Every structure is written in C-alpha cells, then in structure tokens.
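Q: Protein chains in written order, with the numbering used here: chain A, 1 to 434; chain B, 1 to 458.
Treat the hints as calculated values from the structure; they're not laboratory data. All of these numbers come straight from a predicted model, not from anything done at the bench. Certain hints may be false.
Unchecked claim - Below, computed lysine-lysine pairings styled on DSS-like, alpha-carbon distance capped at 30 angstroms:
| no. | chain 1 | residue 1 | chain 2 | residue 2 |
| --- | --- | --- | --- | --- |
| 1 | A | 109 | B | 414 |
| 2 | A | 212 | B | 414 |
| 3 | A | 204 | A | 296 |
| 4 | B | 179 | A | 296 |
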Amino acid sequence: MEAILARAQKAAKEAEVFEVTSEETQVRFESNRLKQMQTNQSTTLALRIIKDGKIGYATTTGITDGERLVNDAVETAAFGSEAKFQLPDNTSYPKVEIYDPAVERVPIKDMVALGERMVAALTSHTEGILCDAAVTRAVITARLLNSRGGQAEYKKSYFSLDLEGNLIKGTDILFVGEGESSCHPLPDPQSVIDLVLNQLELAKNKAKAPTKVLPVIFTPNGVASALILPLTSAFNGKVVLEGASPLGDKIGKTVFDKNFTLVDDPTVAYRPASRPCDDEGVASQRTPLVEKGVVKGFLYDLQTAALAKKKSTGNGSRSRGSLPTPSASALVITPGKTTFDEMVKDIKEGLVVEQLMGSDQGNILSGDFSGNVLLGFKIENSEIVGRVKDTMVSGNVYKLLKDIAAIGSETRWVSSFLQTPPFYCKGLSVSSKG
Amino acid sequence: MPQIEEIVQSLAGELKKSKADYLEARFEENQTSHIMYRGRAIESIGRSTASGGNVRALIKGGWGFTSFNNLEKLKDRISLAIEQAQSAGTGKSLLAPIEPAQETVSSGVKQNPVTIPLAEKKRLLDEYNEIICNTPGIKTSNIGFSDGRKKVIFLNSEGSLISQERADVTIRLTAIAAKDGEVQQVNLSMGSRGNFNDIRHLHDIVKEMSKNAVALLDAPQVKGGEYTVVLDPVLAGVFVHEAFGHLSESDFIYENDRMREIMVLGKQFGGDNLNIVDSAAEPGLRGSFKYDDEGTRAVKTYLIREGKLVGRLHSRETAAKMNEKPTGNARAINYRFPPIVRMTNTYIEPGKMSFDEMIADIKEGIYAKNWYGGTTSMEMFTFSAGEAYMIRNGKIAEAIRPVMLTGNVFNTLKNIDAIGNDLDMNQGGGCGKNGQAPLPVSNGSPHIRIQHCLIGGK
Numbered sequence: 001m002e003a004i005l006a007r008a009q010k011a012a013k014e015a016e017v018f019e020v021t022s023e024e025t026q027v028r029f030e031s032n033r034l035k036q037m038q039t040n041q042s043t044t045l046a047l048r049i050i051k052d053g054k055i056g057y058a059t060t061t062g063i064t065d066g067e068r069l070v071n072d073a074v075e076t077a078a079f080g081s082e083a084k085f086q087l088p089d090n091t092s093y094p095k096v097e098i099y100d101p102a103v104e105r106v107p108i109k110d111m112v113a114l115g116e117r118m119v120a121a122l123t124s125h126t127e128g129i130l131c132d133a134a135v136t137r138a139v140i141t142a143r144l145l146n147s148r149g150g151q152a153e154y155k156k157s158y159f160s161l162d163l164e165g166n167l168i169k170g171t172d173i174l175f176v177g178e179g180e181s182s183c184h185p186l187p188d189p190q191s192v193i194d195l196v197l198n199q200l201e202l203a204k205n206k207a208k209a210p211t212k213v214l215p216v217i218f219t220p221n222g223v224a225s226a227l228i229l230p231l232t233s234a235f236n237g238k239v240v241l242e243g244a245s246p247l248g249d250k251i252g253k254t255v256f257d258k259n260f261t262l263v264d265d266p267t268v269a270y271r272p273a274s275r276p277c278d279d280e281g282v283a284s285q286r287t288p289l290v291e292k293g294v295v296k297g298f299l300y301d302l303q304t305a306a307l308a309k310k311k312s313t314g315n316g317s318r319s320r321g322s323l324p325t326p327s328a329s330a331l332v333i334t335p336g337k338t339t340f341d342e343m344v345k346d347i348k349e350g351l352v353v354e355q356l357m358g359s360d361q362g363n364i365l366s367g368d369f370s371g372n373v374l375l376g377f378k379i380e381n382s383e384i385v386g387r388v389k390d391t392m393v394s395g396n397v398y399k400l401l402k403d404i405a406a407i408g409s410e411t412r413w414v415s416s417f418l419q420t421p422p423f424y425c426k427g428l429s430v431s432s433k434g
Numbered sequence: 001m002p003q004i005e006e007i008v009q010s011l012a013g014e015l016k017k018s019k020a021d022y023l024e025a026r027f028e029e030n031q032t033s034h035i036m037y038r039g040r041a042i043e044s045i046g047r048s049t050a051s052g053g054n055v056r057a058l059i060k061g062g063w064g065f066t067s068f069n070n071l072e073k074l075k076d077r078i079s080l081a082i083e084q085a086q087s088a089g090t091g092k093s094l095l096a097p098i099e100p101a102q103e104t105v106s107s108g109v110k111q112n113p114v115t116i117p118l119a120e121k122k123r124l125l126d127e128y129n130e131i132i133c134n135t136p137g138i139k140t141s142n143i144g145f146s147d148g149r150k151k152v153i154f155l156n157s158e159g160s161l162i163s164q165e166r167a168d169v170t171i172r173l174t175a176i177a178a179k180d181g182e183v184q185q186v187n188l189s190m191g192s193r194g195n196f197n198d199i200r201h202l203h204d205i206v207k208e209m210s211k212n213a214v215a216l217l218d219a220p221q222v223k224g225g226e227y228t229v230v231l232d233p234v235l236a237g238v239f240v241h242e243a244f245g246h247l248s249e250s251d252f253i254y255e256n257d258r259m260r261e262i263m264v265l266g267k268q269f270g271g272d273n274l275n276i277v278d279s280a281a282e283p284g285l286r287g288s289f290k291y292d293d294e295g296t297r298a299v300k301t302y303l304i305r306e307g308k309l310v311g312r313l314h315s316r317e318t319a320a321k322m323n324e325k326p327t328g329n330a331r332a333i334n335y336r337f338p339p340i341v342r343m344t345n346t347y348i349e350p351g352k353m354s355f356d357e358m359i360a361d362i363k364e365g366i367y368a369k370n371w372y373g374g375t376t377s378m379e380m381f382t383f384s385a386g387e388a389y390m391i392r393n394g395k396i397a398e399a400i401r402p403v404m405l406t407g408n409v410f411n412t413l414k415n416i417d418a419i420g421n422d423l424d425m426n427q428g429g430g431c432g433k434n435g436q437a438p439l440p441v442s443n444g445s446p447h448i449r450i451q452h453c454l455i456g457g458k
C-alpha cells in the first residue's frame, strides 16, 4: 500500500489508497442436510487521486500491478469531477468495538451443529418442511492511507445465522425465514428458531383479504421490506443536493409523526455495520435524521458535503468498487410504547405484513410503494386468523409516517443495517384476488 | 494473462490425480470501466481489474468450495476444498455425464469495449445527458454506463480445459422530473454482448423517455384491482423471466419431492398458444455462451410447449438426480461463487396476432410498457412497468402512473389469451439469485395480453 501511495504521489498532488481484505467461512445446509462448506478469501485495493484538481479512480482485485493501477487512475482523472474536498489528515477515531477474536476460533463442527439444530427445530415442528440454513463467520480488515498523513485501520469480526423453511401443500408454496448477525459468535440459535416457528404457526390457516383500505401492522421485517428504501434515498445528501429529495427543504420542519425518531449510528458496539471511520477515513458519528417528527439532518461524504457547504457525517461508502458515495450505515428507529399484541387487539379488520415483495420496484423518490404480500396475515376482530395470499398493498411512505397509529415497544435488528420496532399504520390500499 | 495460463497448465495434472469424486477449478481475469452521472456532473469514472480463482470438490454428495485471489499455494487450496467436501459429504455423488471439452472460445466482438478511450464513451454519454437535462420539466438525470471484458478458464478432473472470453456493455439512463413536491422518473436499460456501437444511436429514445417522465407528473394513479393487461415485449420479457423462468430452475426442485409433483413434465401451465424457451445457444445475446461454468455445452431448451411443461434448466447435479439431460445452465457470476442453476436468454415464442388486433376488443384495460424490475417467490411474483396507459374502447388512451403487477404462476399463465407476432429481446436485464447479481441475461417476448391481472393502486 505504501509503495502504491508513493508511486501515485509522483503522478498526482493528492492520493489515497484503501484496502479491504476478507476471509469468510460458511457452512450451508440445503433440503435439510449439510450440502456445502465454503471459504472465500479476497483483497480489493482502491486508489483515488486528485490530479490538477480532478478526481481519478481505479481499483484492483487479485494480482496487483501498481503501475497499471496508477495509470488507470491518471486516465480517469482527466474526466473526473472537480475535487471540492480535502482528504482528512491524521485524525483520531472513536473507539468502536467490532472485533471479537472468538469468532475466528469457532470450530467448523460447532458451526455444523448450529445448522443442524436450526434445521431440526423446523423439521420436528412441521412435517414436510424443507430447510436451507447457513452459518457464516468472517474477518474483515480495512486499511486507509492518504497523502495528507491520514491513516486508519480496523479489523472486524462477523458471525451470522440464516434459516429458511419451505413448505408446499398442493400448489400452495410457503416461505418462512429469519437471520441474525453480530460481531460476536452466536452460540444460541433459539431466537432465530422462535421467530421462524412463529411465522409457521401464524401461516397454518388461510385467510382472505378484501379489496379495500385497511390498517396494516408492519413487523420489523415488514418495515425493512416496505418503508425503509425511500427514506435511505431521501436522507442521502447527494439526492438532497440534486433537489430530488422530498425532504431537501424540510430541515427543522415537522414532516413525520411526533413519535418518529430516526438516527444513523455506526458506533453501536459489536454490530456488523459499525466501524470507527467511514471508507474515506472520516470519523464515525451518530447522525440524527428525524427527532420527534422533525427533520434534523442528511448523510454526507466528503465531496457531497463540500458541494453542499456542509461537513461530512462520515457516511462515505464504497460499494461495488465505485467512488465513495453517501450511504446510511445502520439506521436505528426509537421504539414506542405499544406492544405488538396491543396493536393487533386494536384492529377490527386489517393485515400484518411480514414480507412485502417488489416494493423496491416503484418510484422510490416519491415515497409511493406497492408490493405483493409474500408473507402476511389477516386480522379479524383483534385476532390474527391466517395467512393472506395474492394480495397487494400500496401506500406512500410520507403519508403513512406523518400520522402513525402506534410505534411498537419491541425493537430488534433486522439484517445488519436496521433496528426497528413494528409500525401500526392507518389506511393502506389493499387489492386482492381474495 | 500469462500468469494464470501457466498456473492452469501446471494444475491440469494435479486435478486428475485427486481422490475426490469430482474436482474442478475456475480462473478468471477481467477488466471493466464505468462512467456514472448524476445530473450534469460525473459522479464516478473509473477502471478496475480483477483476477482470482476457485476450486470446487465433490465427495459423497458434499461440496467443498474455496475462492481466492491470492494465487500462491494452489495445492493447499485444492486440499482445503477436498477436506471441506469430505466433511460435508454423507451420501452419494451424482453428476450427469458430459463429454470433456478442450476449446478456446473468443469473445466474438471486433473491438474490446474496455479499450475504447473513456473520452469517446464520455462524449456519447454527454450527448444523452444533454438531451435529458435540456427537456423542460426535468429536474435531474442519472446515467450508469459500464463495460467489461472477461476471460474464464475452466478445468476439471475429467479432462476438460475450456477458455472462454466474453465482453459486455450496459447502460441505464434515468430522467427525473419534479414539480410541486411531486417526483417522477422514467428509466431506460439497454445492453449488448460487448458491442459499444449497439448503444450509440439512442438519441430519439432518450428524448422520448425524458418527455414521458415530465408527462407522468400530471398522470393519475390507477385504482388497484383486476384488469385486462397488455404487456409490451420488454415488460413481457420480465414477466416470463419472473413468472416462469425461475420456477424452471431445477435447483429448487430436485431435492424437493412436493415441488417435483407440482413440476411434473406434461403438466398444463398455459394455453395451447404458449411456448417458452431458454437458450444460451442463440448467438450474440447477453445470456449467450458456448459452455456453462461446469463445462457443459449450451443447448436450446423448451420449458413450455403448447402450454405443457416439457423441460427445465439443469446443472450436472440436478440433471443426474432427476434423471434428465444437463442443459448447460450452471452459471456463476464470478470466481467468488460456485455455479448455480440460472437462466440465459428466456423468451416467449411469437404467435400471429398484431398489436392492434390485441387491443381492439378491450373496453377498459391497461397497456404496461418498459420495466423497473421484477421478483418472484416461485408461486407468486411481481413485476413493475416503467410506463403505463389506459386502454379504452380498443384504443390507447391517457398515461397513468407506472403500475406494479402481480400474479400467481398457477393461474396467470393460463390467463394469457393473446400472443403477438412481434418478438423482441431486451438486453438490458441483470438477474439476481442467492446473492449473485447482476448476472447478464436477456428476456424477450412479443406483445401479450393477460386477463384478470392484479394491479396495485390507490
């Protein structure tokens, strides 16, 4: 890395080298039995330069040819956008706990045993169910060096459990599933198992959904699959800068329900999305996005912040080998006071949505969404009566979150990037073949 | 890529000596370039190179897989894959037999798109971006362009040694219109199997797309419910991919007895007019290749013929376990993943009806065009249009907000009651499955009409 930085500095005024190395081991079960063991090792190196005020960029994975990397970056700099920012110099970073050496030491046979236990829990509960499961452990190392003396390095451990069940009756196909991840080993799969068993119990009976406007409870998975994508776009500083965010001119204004509070937090200990700094070496921070319904801030990387005359919030992220761009690290929604059972009790006729399929295919910017209820349940007279199918739910995220019937008290992490309670929303448009 | 070729030569003998039931290795080298715009500014421009490999072993029905981009100590990698397979295997290894092949397949393009200077690519994209941004009512634009050239060398313990090159070009243009807090967008996705010239003359289409985005600001949202729907070839291609293509991938079927009952050959899924094909053997499409990532030769596979299920997509393992012939559909997005059963070029064969005949007797319906996306859970699926219009009394009428459509494979295919004569392949798609995305595929269809199609709305 040092050699590449030195070579790049001969060609350009400023340069930055960022390297990510990962080692991952996975045990996979398919159709109720152990099927595959897998290891993946990879190293990716990205070079960003500022030459004649413009940004150049090149990446390489595998055999590193330093000369070619620098030449590629120089070629792209001729057309690159004007660099409005300065690379960070030697700064200090918050202490964020993300490495547990115990993860690397989890024996393969323990990972196999975890998978077996998850599969056995479903097969002994439901006859004829076929399970896929995966147990994964990984260690990721990130290093950054730049020409202004900035340097950062961290090591992160990762462990995850994933369980999916598939049950077919006639031509009725049911999928249930849940996952959990942490920077600690996860020696007990019971919480994942319990969540999946609960889905199976609720899906035992069938119910018909009408075509009309109904209240809907989104479970934490339902929130992730229906409501979050438009928000990650609207709070992205780049979308704001372009004038394409519906929240762009709403700082300080009450746009959401007064009980809605949302923060981006990459500093939570032992969470896989946490890190001491972002992918350009800016220190991690908690960034309030919505406080009691009032829009508080947006997410920035260095370049976007400079263009918008703001400060980077430490949200520069390099996904898929491209230049850093603002991206949420981990979104945390403050829980409310209503239990899930109380929400169900409050509803005469409505739905519970656990998985909405296709809601990412609509017009994300406007907040409109529409999707097929892949896993969801009917509420009749304060009770969940069975699974609904061939049903679509449509709504607008901003309208729904402006006036929320209730926010749940039971919060949890779904995937690695969102911690949310259930949401009880008024008036969604439901269409069904019934 | 002298280094990798030397490595491969030295490895061929090593694989044959192994005690595993089956052993393969895949090495890859690729170069890509990309240019992304947000509004008038370039968001990202860059070049990247990647190289790496993997070893996969099969012992007693259990697989070991190890990927790496550090090419040292390859013998240790082989030992690791074998150890892993040994720990996973408890049954019997089954792979459908194929003829070992030794062949070098070139990319088939005259000019590697990656070597075209970035300046030339940028000049073309600037023209498109100007058209979008200069359209009155447009707030901003998004453009994503990328190209790549990839060489994959595959060898296995049965004596296959196949080197294949491919090149790929994709472009996605988005026009974003805004007014009074309303935001609407229209996308255009195009692709080519490595020929940059295929995306050179899109000026008129880009102009139309930009105007459509502005028009959507005033378009009403349709009421949710069941409609008679006509799909254009692009959206019908996404429909066939989601509605049926994924269900014909045998890796979901071969170890699932109940699924095998549902997907029994000969079962009626659609009307006599319906024929669905998947074929990597069609020349020059983005899903085309000569050998898949297990070294199986690509063939044309009928999935549905006259409405009946007649075939499905296989890897060597799924074919063996279902006692059918391998179809060459085992694909991996790159060396970090083992191959899994995937589609290639999937299409509905054309019928005889013209578009005008198709809409002539529709009193009230929806004409849905272009695509945002699609996804499936095997039984139920969704796909979303990029543009939509009401059909009234046999004529295309006012524009409406883009619609999301949903269906159920066990009745929606039967509800296709008209198939057009105008097959067109869409090259702009990328498919995702089990974390491997976007895999180059193409989809196609003529115009089709579906009765009682469920649409989400207000």
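Q: Confirm or reject each hint.
A: Structure-based check of all given hints:
Between the alpha carbons of residue 109 (chain A) and residue 414 (chain B) the distance comes to roughly 49 angstroms, so the proposed pair goes past 30 angstroms and is violated. Taken as a hint, the residue 212 (chain A) and residue 414 (chain B) pair is honoured in the structure, with Cα atoms around 27 angstroms apart against an allowance of 30 angstroms. With a CA separation close to 44 angstroms, the supplied pair residue 204 (chain A) and residue 296 (chain A) exceeds the 30 angstroms bound. For the suggested pair residue 179 (chain B) and residue 296 (chain A), the alpha carbons sit about 24 angstroms apart, so the restraint of at most 30 angstroms is met.
In summary, the structure is inconsistent with hints 1 and 3 from the numbered list given earlier, while agreeing with the others.
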